[in-house]
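2 protein chains.
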Amino acid sequence: MNIVTSDNNIYAFSAEMKPVLEVSPGERILFETNDCFAGQIGSENDLCTEINFDYINPATGPVAVRGAEKGDLLGVFIEDIRVEEQAVSVVIPGEGALPGKVEKPVTRVVMIDREKGTCTFAGITLPLKPMIGVIGVAPEEGIFPTGTPAAHGGNMDTTDIRKGTTVWFPVRRSGAMLALGDCHAVMGDGEIGCSGAEVPARVTVVLDLLKGLSAPWPIAVTEKEIVIIASEESIERAVTSASEAMTDLVRKALGLSFEDALILCSLSMDLRISQVVDPKKTVRAAMPLSVLPWEKAKAALAGR
Amino acid sequence: MNIVTSDNNIYAFSAEMKPVLEVSPGERILFETNDCFAGQIGSENDLCTEINFDYINPATGPVAVRGAEKGDLLGVFIEDIRVEEQAVSVVIPGEGALPGKVEKPVTRVVMIDREKGTCTFAGITLPLKPMIGVIGVAPEEGIFPTGTPAAHGGNMDTTDIRKGTTVWFPVRRSGAMLALGDCHAVMGDGEIGCSGAEVPARVTVVLDLLKGLSAPWPIAVTEKEIVIIASEESIERAVTSASEAMTDLVRKALGLSFEDALILCSLSMDLRISQVVDPKKTVRAAMPLSVLPWEKAKAALAGR
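So the protein lines, in turn, are chains A and B. Note that this note's numbering numbers the first sequence so that position 186 is 186, with each residue one more than the last. Note that this note's numbering numbers the second sequence so that position 148 is 148, with each residue one more than the last.
Calculated directly from the structure, the hints in this document are not laboratory data. It cannot be assumed that every hint is accurate.
Treat identical chains as interchangeable: a pair holds within one or across any two.
Said to hold, decoys possible - Subject to a maximum C-alpha distance of 25 Å in a straight line, what follows is the list of computed DMTMM-like cross-link-like pairs (lysine to aspartate or glutamate):
hint, residue 1, residue 2
1, Lys-252, Glu-95
2, Lys-163, Asp-208
3, Lys-129, Glu-223
4, Lys-163, Asp-7
All chains should be built: construct the whole structure from the sequences, respecting the hints.
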């Protein structure tokens with residue numbers, strides 16, 4: 001087993017980043033991840049206003065993938081996410097979906113019962129739904145803080161990025177350079193308070209590589225759906241980008257006119273909000289595999 | 001059984017509208033509804049650019065409810081939605097989530113197999129998911145076209161408004177004045193092409209009335225969730241309104257501080273897109289009943 005320990009981490013995805021490990025497609029990797037505060041918040045007395053924001057959203061990695069070149073798709077199958085037993089969740093004045101309403105910083109510890117598959121906040125028990133907040137590859141150029149989502153991935157905070165899902169990333173630089181972190185024990189779509197239940201985790205993935213396939217955005221393939229994940233300056237623009245990408249994929253994959261593809265999306269595709277609180281907002285378009293089989297989508301992404 | 005036939009309809013919800021029927025809470029009503037085109041589109045040769053837009057989105061009703069006064073909540077339990085066997089779906093240049101990309105108007109007939117519970121478009125079979133697009137009560141003042149959603153309800157195009165759901169409306173005028181129509185055999189969240197599978201239907205509802213409860217937006221209570229439905233000029237503003245309303249309800253109902261209510265919403269509430277293509281955009285905030293029981297929510301809405 002390849003293990004990448006949590007002291008191997010980055011705070012930005014950049015075109016020039018150097019790998020801490022090199023693996024081949026098909027290999028399994030265990031990523032040990034920090035929580036989004038890099039462990040700076042250990043109790044309810046540790047407030048977000050008092051920590052060092054240079055150490056926010058670390059991602060473990062990056063890992064180079066042998067043979068991955070620009071124009072390929074890197075597949076990251078999430079085999080398991082094992083979270084630690086204590087998560088934290090916070091609100092910060094000026095942050096979140098209701099920034100002006102938060103009068104004081106608050107930190108809350110969320111205790112996790114892994115045996116029962118639950119966690120507890122304010123006396124209420126919630127089912128555990130572990131997911132990965134930050135996951136991405138090197139961008140074509142420039143430097144993207146790990147707290148920001150974009151076309152290379154990053155802080156997409158998308159609940160579909162969980163055990164059993166494969167996330168496909170368009171490779172932009174040789175080796176792809178995969179890094180991930182910022183796991184949540186549970187998070188609602190929207191993440192309106194600005195955090196989920198932030199928790200260190202051990203994430204096991206198996207890599208795949210498809211040569212000569214391109215996509216404008218990361219694509220999650222769950223047991224039931226193909227999910228295109230778009231991040232933009234506004235929710236409106238993310239809605240447009242996700243809608244455009246799915247309509248285009250449906251059109252090519254199923255051999256429909258643009259208008260018929262749009263009607264099919266109107267009837268059977270769900271636009272969903274991932275998060276509205278990061279520097280860019282994330283919206284995903286989800287299509288059932290029963291409508292758009294992954295084999296047909298792959299052929300369309302290969303330009304066939 | 002009280003029956004309201006589809007020739008009793010309105011094209012606007014107004015403060016002054018007059019009922020076609022008066023019933024008491026607890027009564028069952030069958031609404032016969034037109035499709036959103038008022039039957040003007042019968043085949044794929046009938047294009048949206050050639051019909052009379054004065055007759056768009058008719059709602060059957062209105063029905064007055066005895067005893068309903070401003071400050072009450074009217075409950076509409078949807079017992080059944082029986083759709084006809086042929087639906088239509090359209091795209092129109094300049095409309096929908098990708099308005100500049102639609103080059104020509106297209107109408108498609110969607111055939112429904114009620115026995116199998118499916119419908120078919122472009123050779124693809126989709127499960128039937130009947131829902132009500134337009135449902136609302138008289139606004140406090142003014143005139144709202146039935147194509148526009150707002151605080152009184154209207155064209156909310158929300159897939160949760162289906163069989164088994166109770167939709168609660170804040171009553172603003174004596175009698176409440178319930179009307180509904182614009183059913184869809186199936187629609188994806190977002191409705192990006194600008195229509196669902198538009199179909200005439202027979203909708204059976206049972207009414208309930210709670211005295212002295214107020215809410216800022218319509219609330220759908222499904223088998224599993226409490227769903228607050230907000231409609232605003234932009235998706236961003238609808239996100240804010242839905243988030244604010246749910247955080248406030250959670251705070252009051254569970255006796256939490258604002259900050260703790262926001263954290264709980266961040267962890268367990270889903271922000272969902274209803275539609276992005278009407279004159280106002282609709283976003284809903286959904287909270288599991290396991291977190292926010294309806295009895296506690298009702299007490300909070302009563303100010304207790």
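Here is how each hint holds up against the structure:
Taking the shortest alpha-carbon separations for Lys-252 and Glu-95, only the inter-copy value of 22 Å comes in at or below 25 Å, while the best intra-copy value is 40 Å. Taking the shortest alpha-carbon separations for Lys-163 and Asp-208, only the intra-copy value of 16 Å comes in at or below 25 Å, while the best inter-copy value is 43 Å. With identical chains, the CA atoms of Lys-129 and Glu-223 are at most 25 Å apart both within one copy (15 Å) and between copies (21 Å). In this homomeric assembly, Lys-163 and Asp-7 come within 25 Å of each other (Cα to Cα) only inside a single copy, at 23 Å, whereas the closest approach across copies is 52 Å.
The structure shown violates none of the earlier numbered hints.
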